[in-house]
Amino acid sequence: MPAQDSHNSWVSLLDRDVSIQANKVVTLTKTEKKTREDKERIGEEIQECAEKYAYTWVFGVDNMRNSFLKDIRNDWKGSRILFGRTRVMQKALGRSPEEEHLPNLHELTEFMSGDVGLLMTDEQPSVVQEYFESFVKTDFARAGFKSPLTFTVPAGTVYSTGGQIPAEDDVPLPHSLETTVRDLGMPTRLVNGKVTLDGDYTVCKEGKTLDSKQTRLLKQFGVAIAEFKIKLIAYYEKDAEKVVAL
1 MPAQDSHNSW VSLLDRDVSI QANKVVTLTK TEKKTREDKE RIGEEIQECA
51 EKYAYTWVFG VDNMRNSFLK DIRNDWKGSR ILFGRTRVMQ KALGRSPEEE
101 HLPNLHELTE FMSGDVGLLM TDEQPSVVQE YFESFVKTDF ARAGFKSPLT
151 FTVPAGTVYS TGGQIPAEDD VPLPHSLETT VRDLGMPTRL VNGKVTLDGD
201 YTVCKEGKTL DSKQTRLLKQ FGVAIAEFKI KLIAYYEKDA EKVVAL
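Counting along the sequence shown from 1, when you hit position 17 you're at 17 in full-length UniProt numbering, and nothing is skipped either side.
Worth flagging that the hints you see were computed from the coordinates, not collected in a lab. Computed from a predicted structure; not experimentally measured. Any given hint could be a false lead.
Listed next, with one range per pair, are the computed distances between beta-carbon atoms [claimed, not checked]:
1) R182 <-> R73: 36 to 44 Å
2) S126 <-> R189: 36 to 44 Å
3) T86 <-> G185: 44 to 52 Å
4) D62 <-> T157: 21 to 29 Å
5) T35 <-> D169: 54 to 62 Å
6) K70 <-> R41: 47 to 55 Å
7) I165 <-> R73: 45 to 53 Å
8) D211 <-> E168: 19 to 27 Å
9) D122 <-> G185: 21 to 29 Å
10) L177 <-> E40: 47 to 55 Å
11) P172 <-> V127: 47 to 55 Å
12) G156 <-> T179: 17 to 25 Å
Derived BS3-like pairs: lysine-lysine, alpha-carbon spacing no greater than 30 Å straight-line [to be verified]:
13) K229 <-> K213
14) K146 <-> K208
15) K231 <-> K242
16) K91 <-> K208
17) K146 <-> K77
C-beta: ideal position from N, C-alpha, C; glycine also.
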């Protein structure tokens, strides 16, 4: 009898394992189907917008920030801004004369590489260019960003802006933050209750890639060096059936 019980236990375990594996297959199949459906939906939406609007623009984004992109969407409610995998967007527009959705539209896909988006609009190119040339927002940098400047905190009492403004116009960094900035790499200590540096401390150097500690220090001192901006690359004019590169 014990042998039979052991056999039944193994059968039970095997059945359970088969069940688990089957569930995994089903889940994977559902995921693949959803991904395929999403791609098809995005492709159809791109094609519908290309037919509807007079101009289809390709643009790139420097230092993507969803909050700023939301502002742009609000300003362009009568137009459409679409993102997706580059290859999916290219396929929707058509990558060759045989595949193109509209006459000569395939030429626009030649300008689509890397992280790009599409703007579909009826606004004249001059209006589009004027808007995006002026839409530049500054934000705090993230790890991996290449610093456009060198930022050094001077020796002595550490102030809230890290020496960006005269000491008489600034306030000392709260003593409660001493351990925070020290953990981020600044060789600080408390002297008479004030956060102090014995020597100048360079947080970052121009042209060097920032790590997470450097970006946190820059944010602590209010140094915003990342610029969010849209780079217009090229556009397709539906009525003229042509692509214009910028």
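Hints, verified against the model:
1. R182 <-> R73: 36 to 44 Å: This hint holds: roughly 42 Å between Cβ atoms.
2. S126 <-> R189: 36 to 44 Å: violated, 58 Å
3. T86 <-> G185: 44 to 52 Å: Check failed, 37 Å falls outside 44 to 52 Å.
4. D62 <-> T157: 21 to 29 Å: For D62 and T157 the Cβ distance comes to about 36 Å; the hint is violated.
5. T35 <-> D169: 54 to 62 Å: For D169 against T35, whose Cβ atoms are near 55 Å apart, the range 54 to 62 Å holds.
6. K70 <-> R41: 47 to 55 Å: violated, 22 Å
7. I165 <-> R73: 45 to 53 Å: Check failed, 35 Å falls outside 45 to 53 Å.
8. D211 <-> E168: 19 to 27 Å: Given range 19 to 27 Å: violated, Cβ gap about 33 Å.
9. D122 <-> G185: 21 to 29 Å: Since D122 and G185 have Cβ atoms about 52 Å apart, the given range 21 to 29 Å is violated.
10. L177 <-> E40: 47 to 55 Å: holds, 52 Å
11. P172 <-> V127: 47 to 55 Å: With a Cβ separation near 49 Å, P172 and V127 satisfy 47 to 55 Å, so the hint holds.
12. G156 <-> T179: 17 to 25 Å: This hint holds: roughly 19 Å between Cβ atoms.
13. K229 <-> K213: Between K229 and K213 the Cα gap is close to 25 Å, so the pair holds against 30 Å.
14. K146 <-> K208: The hint holds at about 5 Å.
15. K231 <-> K242: holds, 20 Å
16. K91 <-> K208: Violated - the C-alpha atoms of K208 and K91 are around 37 Å apart, more than 30 Å.
17. K146 <-> K77: Violated: K146 and K77 sit about 33 Å apart, past 30 Å.
In this structure, the hints that do not hold are numbers 2, 3, 4, 6, 7, 8, 9, 16, 17, in rising order.
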